[in-house]
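Peer 1: Chains as they are written, first to last, in the working numbering: chain A, 1 to 481; chain B, 1 to 460; chain C, 1 to 265.
Simulated from the structure, these hints should not be mistaken for lab results.
Check before you lean on any hint, since a few could be wrong.
Stated by the list, open to error - Below, in silico cross-link-like pairs of lysine to aspartate or glutamate (EDC-like), each with a Cα-Cα straight-line distance of 20 Å or less:
id: 1; chain 1: A; residue 1: Lys198; chain 2: A; residue 2: Asp51
id: 2; chain 1: C; residue 1: Lys112; chain 2: C; residue 2: Glu93
id: 3; chain 1: A; residue 1: Lys67; chain 2: B; residue 2: Glu382
id: 4; chain 1: B; residue 1: Lys432; chain 2: B; residue 2: Glu182
id: 5; chain 1: A; residue 1: Lys454; chain 2: C; residue 2: Glu82
id: 6; chain 1: A; residue 1: Lys67; chain 2: B; residue 2: Glu155
id: 7; chain 1: A; residue 1: Lys346; chain 2: B; residue 2: Glu56
id: 8; chain 1: A; residue 1: Lys458; chain 2: C; residue 2: Glu148
id: 9; chain 1: A; residue 1: Lys352; chain 2: A; residue 2: Asp323
id: 10; chain 1: A; residue 1: Lys141; chain 2: A; residue 2: Glu156
id: 11; chain 1: A; residue 1: Lys67; chain 2: B; residue 2: Glu182
id: 12; chain 1: A; residue 1: Lys265; chain 2: A; residue 2: Glu228
id: 13; chain 1: C; residue 1: Lys112; chain 2: A; residue 2: Asp21
id: 14; chain 1: A; residue 1: Lys352; chain 2: A; residue 2: Asp260
id: 15; chain 1: C; residue 1: Lys112; chain 2: C; residue 2: Glu82
id: 16; chain 1: A; residue 1: Lys411; chain 2: B; residue 2: Asp400
id: 17; chain 1: A; residue 1: Lys55; chain 2: A; residue 2: Asp25
id: 18; chain 1: A; residue 1: Lys166; chain 2: A; residue 2: Asp51
id: 19; chain 1: A; residue 1: Lys352; chain 2: B; residue 2: Glu56
id: 20; chain 1: C; residue 1: Lys169; chain 2: C; residue 2: Glu82
id: 21; chain 1: C; residue 1: Lys112; chain 2: A; residue 2: Asp443
id: 22; chain 1: A; residue 1: Lys411; chain 2: B; residue 2: Asp371
id: 23; chain 1: A; residue 1: Lys167; chain 2: A; residue 2: Asp260
id: 24; chain 1: A; residue 1: Lys454; chain 2: C; residue 2: Glu93
id: 25; chain 1: A; residue 1: Lys67; chain 2: B; residue 2: Glu57
id: 26; chain 1: B; residue 1: Lys130; chain 2: B; residue 2: Glu155
id: 27; chain 1: A; residue 1: Lys380; chain 2: B; residue 2: Glu182
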Amino acid sequence: MSDAVLDTLTRQEYPHGFVTDIDTDVIPAGLSEDVVRLISNKKGEPEWLLDWRLKAYRHWLTMVEPKWARVTYPPIDYQKIVYYAAPRSSKEGAPKSLADVEPELLAMYEKLGVPLKEREILAGVAVDAVIDSVSVATTFKEKLASVGIIFCSFSEAVREHPDLVKKYLGSVVPSSDNFFAALNSAVFSDGSFCFIPKGVRCPMELSTYFRINQADTGQFERTLIVAEQGAVVSYLEGCTAPKRDTNQLHAAVVELVALDDAQIKYSTVQNWYPGDREGKGGIYNFVTKRGKCAGRNSRISWTQVETGSAITWKYPSCILLGDGSVGAFYSVALTNNYQQADTGTKMIHIGKNTRSTIVSKGISAGHGQNTYRGAVTIMKNAEGARNYSQCDSLLIGDQCGAHTFPYIEVKNSSATLEHEASTSKIGEDQLFYCRQRGLSAEDAVSLIVNGFAKRVLKELPMEFAVEAQKLLGVSLEGSVG
Amino acid sequence: MTRAARPTALHEGVATLAEAAADFAAARHSPPWLQKLRRSGIAAFERLGFPSTYDEEWRFTNLAPLARSPFSLLPDDVTLAERTAAFELEARLGTIGFSASEPRLSFVNGRLLRRSPGDLTAGVLFECMKDVLATSPERVERALVARAAERDHSEHFFGSLGDAFLDEGVVLHVPANTSVTEPLFILHVSTPAGRAGAPSMVHTRNLFTFEENSSATVIEAYFGAGAPSFTNARTEVDLGRNARLHHIKLQLEGPEAFHVGHLSVAHAVGATSASHVFSFGGRLVRNEIAMDLAGEGAGTELYGLFCANSGQHVDCHTLIDHVSPRANSVELYKGVLDGTGRGVFDGKIVVRPGAVRTDARQTNRNLILSDSALVDSKPQLEIHNNDVRCSHGSTTGRLDADAVFYLRSRGLSPEAARALLTYAFGSELIEKVGSADVRAFLEGHLRAWLPANLAAPENR
Amino acid sequence: MNLLEITNLHASIEEDGHEILKGIDLVIRPGEVHALMGPNGSGKSTLAHVLSGRPGYVVTQGSARFLGMDLLAMPAEMRAREGIFLAFQYPVEIPGVSNTYFLRTAVNTVRKHRGQPELDAIDFLALLDEKAKLVEMEETLLNRSVNEGFSGGEKKRNEVLQMAVLDPKLAILDETDSGLDIDALRVAASGVNALRDGARGMLVITHYQRLLDYIIPDFVHVLSDGKIVKSGDKNLAKELEAKGYSWIEKEPPATASAVAGAAAR
């Protein structure tokens with residue numbers, strides 16, 4: 001590939017990198033028990049939740065930041081992070097409806113392409129919009145409530161549905177699970193809560209749009225989705241942040257619970273600011289996501305398109321507890337310039353006849369480092385468990401890296417496991433073939449990459465698949481020569 | 001976190017070993033460099049301690065049973081009882097098919113039993129390490145010191161342990177443009193020592209140097225008569241330009257044996273190697289292979305068959321390091337696990353930034369025959385440039401029920417059907433061996449391993 | 001205006017500097033079908049690659065003009081958009097990209113370049129459907145990934161289909177007959193013949209005469225060691241078939257003017 005083509009491709013800017021000037025309630029940087037109390041107090045939380053936070057905080061103090069991932073970054077000073085930032089509303093209290101949301105905020109989401117005005121939404125997607133530490137608006141709440149679905153901010157769920165929150169919070173990712181999960185449990189601010197009651201098939205896509213706006217803040221959201229017996233839901237999250245020279249930490253926790261015959265499909269299009277071409281700035285995306293297939297024949301599937309963040313470090317996992325439960329992980333992770341990704345999944349087969357599928361497509365360009373790390377564990381009593389894993393890497397340029405670290409542990413002989421992986425580059429002859437048919441080099445690369453990732457992209461809800469395809473093309477700009 | 005969490009058993013074992021090593025070093029009259037090498041070996045293994053399961057490389061293999069067991073070095077003299085037992089074992093091998101013309105060095109519990117010169121190609125040196133250290137130590141000094149220095153950085157416990165007890169083994173030198181036709185045979189037999197005291201431990205070191213355009217086949221075999229033993233065997237090979245090594249390792253010790261083996265091969269430009277490992281268990285077996293494809297256009301093939309039955313643990317670790325352009329590697333490892341047997345496959349392929357046009361393929365297949373067998377598989381790729389073709393695959397499962405049924409429908413008993421299919425699974429690796437004698441021997445051994453296991457009630 | 005005008009073209013392999021083309025002269029006018037024959041290693045495919053802009057070659061001397069434009073100064077995709085089509089000897093597989101989607105992207109890129117409106121999905125499918133009949137292409141192949149899992153014959157038919165849809169001004173067919181059985185050859189050739197319209201030029205590269213039984217050329221050139229050593233009409237191909245390439249290699253090389261004369265005849 002010629003250098004000239006490379007140069008023409010380097011102009012693309014991160015389109016979501018603007019800062020919105022909004023009046024924000026920010027607490028001073030630093031972390032202590034008092035800060036945990038302050039956050040809890042600002043949110044008017046009940047005593048039990050404060051205790052839960054404090055317990056997590058005290059446990060976190062005893063923990064050491066893990067180092068095993070194949071990512072490098074300078075030490076994080078946890079005392080320099082702001083743990084709470086909320087847009088200040090001129091009106092009293094949280095917005096009751098969209099009419100109460102500040103116009104600047106609506107304009108910001110408009111600019112991001114996330115429409116919060118219900119009448120303008122064609123696709124039938126309910127959106128919860130989270131900025132920095134709080135949820136600012138949730139659409140279609142009433143319509144969803146009419147079929148018994150609760151879709152609201154986490155703070156609201158704590159106020160309105162404390163029993164449900166108490167029952168399920170930490171039931172999949174305990175507050176002591178790992179360093180970043182413990183930190184999140186202590187200081188989590190907001191996020192989304194979804195509850196799909198027994199037998200209900202959610203009539204529309206649910207979606208949360210996460211935005212970091214304020215400088216020096218960490219975003220520690222918490223998402224909890226519970227699907228009761230036979231319930232079906234599809235959920236999507238999107239993420240963006242302004243361009244800044246400094247790194248910002250995003251340490252979220254997502255918990256999914258699927259009871260008998262329930263199905264949860266969780267899709268992520270992660271486009272946090274990745275840093276500039278020299279690797280300066282960008283979000284550290286250190287996230288714990290885990291689903292529990294608690295019931296018989298329940299299904300949880302994770303689909304992720306990871307194009308943003310300076311560092312992505314996450315393993316959306318499934319605990320396949322219920323007999324006949326099914327877990328799936330479909331991932332496209334793209335690293336360009338100096339981005340690093342260490343991502344994958346854990347499939348823990350506990351119940352009988354549990355099945356899991358892993359399809360991971362890593363794309364490395366520039367100096368990008370992309371690691372697939374996954375574990376498939378077949379426990380002693382998981383009779384008849386099956387797993388199929390496919391992990392492919394595509395390398396673009398000679399400075400990048402692609403790494404595959406699968407762990408396969410089998411403690412039951414009736415299991416059948418298959419793991420395949422391959423590494424390849426975009427062939428010169430593929431590029432030339434496309435160009436001979438009139439495509440530019442950029443379009444040819446985008447086409448080939450999308451073809452490579454197709455098996456994952458087709459798992460995305462229709463409304464977002466097109467978006468993801470474009471994102472892959474855009475994120476690769478500058479990588480082809 | 002890793003060091004602090006080390007169980008105490010792992011500590012105690014180290015202290016005992018350090019004492020034994022100090023005694024051993026004091027009793028040997030050696031040139032200063034060798035004394036220094038042994039001393040730094042002791043210091044290193046004491047500092048490192050037995051690896052624990054918190055070490056990523058030892059995640060699936062717990063060394064506590066080894067660390068807890070007392071082992072001692074045997075005196076230099078081979079007793080009559082050892083000699084008799086070893087000859088009996090060797091004679092049994094002779095009838096299985098190895099020819100008498102091959103040059104052979106036989107050891108019993110780590111000490112030289114006898115030399116059989118066979119038809120050794122002119123110019124080839126095939127000697128025991130102890131003799132070389134006694135008569136012309138300068139011939140091995142550079143290689144031994146250089147390897148030990150490399151090890152300083154790699155924090156390799158068993159390598160340092162081997163340095164501390166460096167004494168015996170085989171030194172092989174193949175001159176340029178020489179093809180050794182007869183396979184060179186290194187036989188280790190462990191027998192009950194015939195003395196009171198702790199079971200024996202053996203630290204053996206082989207050093208092979210292949211000059212330009214030379215080639216040879218080396219068979220390393222480890223047999224046991226059933227006594228508890230600990231063997232720490234290292235083979236270090238330097239392949240010159242376009243040299244070719246065929247290495248066959250047969251690990252057939254008793255169910256009480258501890259065995260840690262390590263083969264590392266440095267490849268110059270165009271050098272190629274093939275490694276065949278057949279491991280039929282022991283209480284705890286670890287086979288490590290490290291292929292350094294430093295020369296452009298080098299190549300390596302790695303084949304392994306590991307079988308473990310109740311009470312056995314076999315861990316296969318391979319590393320293929322693609323450093324230079326246009327190197328190829330092919331790897332196929334298969335595990336057969338029965339009873340409460342446990343198998344581990346950990347294979348890593350690294351492709352360095354400059355190693356363009358690398359072609360690397362790795363496959364691991366595991367067959368589980370019982371309800372209580374376990375297997376862990378960790379096939380890894382670490383790729384640092386884009387001009388490569390790499391793939392790996394891993395499967396784990398039972399025998400194909402359809403295939404069993406097909407054979408039964410042709411009149412075979414379920415046991416016979418399962419034995420036949422298991423044999424077919426393993427024999428793919430045997431077929432890759434060049435020597436017909438070795439193939440015949442292994443076919444017999446695999447057959448003998450099978451029916452008894454498959455007739456066990458739990459498999460019915 | 002001449003469609004293609006190659007003058008004293010010299011080209012080497014970029015990596016090792018080895019010269020493959022040692023002075024090619026060739027003129028193709030609108031509507032003409034030229035066959036280029038020659039033994040293995042004579043430079044036939046290299047000429048196709050150099051004309052279509054494949055990376056890896058360096059032109060050291062001479063020129064190639066396409067409709068008066070300096071062809072060699074244009075990147076590969078611009079040559080394609082201007083109307084040069086190469087039917088590959090070894091069509092490339094692109095996993096995950098459907099044949100239909102690929103072709104529609106290509107067609108619309110070319111149409112945009114020509115100032116024509118882009119085709120929507122429905123119009124495109126109608127066009128594709130019509131052209132697919134030319135090469136007896138099954139619909140299932142259109143929905144599969146580009147060339148992935150196609151047989152040799154299917155790949156070559158797919159090339160001719162792409163040519164039909166992209167409607168080039170000059171088509172270069174690089175050993176389209178290689179690896180085809182007689183039935184597949186007939187289908188591919190009839191597709192090509194259907195695209196002979198008196199305006200489109202074609203350069204048909206082949207090792208064997210048998211393709212020329214189906215695609216009757218106006219001119220036949222023989223390439224040997226990087227030069228055109230003999231030119232004639234379709235009977236030259238038959239003569240070659242009977243006498244073999246060694247017959248040509250013994251003859252003194254033709255002069256550039258003789259070749260130009262043959263082409264102009």
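Peer 1: Regarding the pair B/Lys432 and B/Glu182, is the alpha-carbon distance no greater than 20 Å?
Peer 2: With a Cα-Cα distance of about 18 Å, the restraint between B/Lys432 and B/Glu182 holds, given a limit of 20 Å.
Peer 1: Given the hinted pair A/Lys141 and A/Glu156, is their alpha-carbon gap at most 20 Å?
Peer 2: Between A/Lys141 and A/Glu156 the Cα gap is close to 12 Å, so the pair holds against 20 Å.
Peer 1: Given the hint that A/Lys166 pairs with A/Asp51, does the C-alpha gap stay at or below 20 Å?
Peer 2: holds, 12 Å
Peer 1: Would you check the hint for C/Lys112 and A/Asp443, treating anything up to 20 Å between C-alpha atoms as holding?
Peer 2: holds, 14 Å
Peer 1: For a C-alpha distance cap of 20 Å, please report whether A/Lys198 and A/Asp51 respect it.
Peer 2: Distance ~31 Å between A/Lys198 and A/Asp51 Cα, so the pair is violated.
Peer 1: Between A/Lys67 and B/Glu382, does the CA-CA distance stay at or below 20 Å?
Peer 2: Cα-Cα ~18 Å, so holds.
Peer 1: For a C-alpha distance cap of 20 Å, please report whether A/Lys167 and A/Asp260 respect it.
Peer 2: holds, 17 Å
Peer 1: Do the alpha carbons of B/Lys130 and B/Glu155 lie within 20 Å of each other, as the hint requires?
Peer 2: violated, 26 Å
Peer 1: Is it true that the CA of A/Lys352 sits at most 20 Å from the CA of A/Asp323?
Peer 2: holds, 5 Å
Peer 1: For A/Lys55 and A/Asp25, compute the direct alpha-carbon distance and say whether it is at most 20 Å.
Peer 2: violated, 26 Å
Peer 1: Do the alpha carbons of C/Lys112 and C/Glu82 lie within 20 Å of each other, as the hint requires?
Peer 2: holds, 11 Å
Peer 1: Given the hinted pair A/Lys352 and B/Glu56, is their alpha-carbon gap at most 20 Å?
Peer 2: violated, 30 Å
In summary, the structure is inconsistent with hints 1, 2, 5, 11, 13, 17, 19, 26 and 27 from the numbered list given earlier, while agreeing with the others.
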